[in-house]
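Protein sequences appear in the order of chains A and B.
Each residue of the first sequence is one higher than the one before, starting from 1030 at the first, in my numbering.
Each residue of the second sequence is one higher than the one before, starting from 1030 at the first, in my numbering.
Bear in mind the hints are in silico, worked out from the structure with no lab data behind them.
Any given hint could turn out to be false.
All copies of an identical chain are treated as equivalent in the list; a pair is satisfied when it fits inside any one copy or across any two copies.
[Claimed, not checked] Here are the simulated lysine-lysine pairs, DSS-like style, with alpha carbons at most 27 Å apart:
hint	residue 1	residue 2
1	1072	1115
2	1114	1072
3	1117	1072
This structure is a prediction, so every number in the text was calculated from the model and none was measured.
2 protein chains.
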Amino acid sequence: MSNVKALPLIETAEQSGVAPCCPPLTERPMTAGEAEVAARMFKALGDPVRLRLFSAVASHEGGEACVCDISDVGVSQPTVSHHLKKLKEAGLLTSERRGTWVYYRVEPSVLAAMGRILASASAAA
Amino acid sequence: MSNVKALPLIETAEQSGVAPCCPPLTERPMTAGEAEVAARMFKALGDPVRLRLFSAVASHEGGEACVCDISDVGVSQPTVSHHLKKLKEAGLLTSERRGTWVYYRVEPSVLAAMGRILASASAAA
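Next up, chain A with everything else stripped away, as it sits in the complex (with noise of 0.2 Å):
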């Protein structure tokens, strides 16, 4: 990790808690600092449950949500909260603290970054 801490593209990253990243797939090979960001980002993706829990989120009204609204996924609230959290440290989703509840909301700039890198790809394949 050591060669990569020395990439701005990670600092920002790691500044922000979201990745402006990565150019898309057709048009030059990933460098091993961009494959490093889009490839967590990814991966966080990468799970069922998870994936599950964040179109929940996505979908929900108003694009935000709660523990609470999302608990129909069959696994415990504790099992939602870990995938939730995962999330967010990967820069998927943002939270806020309101009352009871922390409200959870998609990061739109990381998705995007994400649709680019795989949109551009298919366009030219």
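Go by the hints and put chain B onto chain A.
Here is chain B on its own, set in the frame of chain A:
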């Protein structure tokens, strides 16, 4: 997995090797079956080395590459082959043997499906 087997979506994906999946993230919560298919694709891109290899194939001249073309990511050739196999199993690459080498090509329909899932989400957010 027994309840997943009953979904036509999964059967189609298994038959064709590519997944005509899934609804945009903002549309409605994904079902268990949809999330199973989509998570498999995202997980395949959730490894930095695999993602670099995938972008190397996607950005290579003519949209295809053999192991001999993309050996500069700092891992051994057997490791490259292993990751290419994983990407193929996930339906993201197709392969064809021509002479000595196996040539890999990006599967555009799968990438388009992944892009659609994410792009719609970010546009609506």
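So, going through the hints one by one against the coordinates:
1. Proximity of residue 1072 to residue 1115 under the C-alpha cut-off of 27 Å is found in both arrangements, the shortest distances being 10 Å within a copy and 14 Å between copies.
2. Proximity of residue 1114 to residue 1072 under the C-alpha cut-off of 27 Å is found in both arrangements, the shortest distances being 14 Å within a copy and 18 Å between copies.
3. In the homo-oligomer, the alpha carbons of residue 1117 and residue 1072 lie at most 27 Å apart both inside one protomer (13 Å) and across protomers (17 Å), since each shortest distance falls under that limit.
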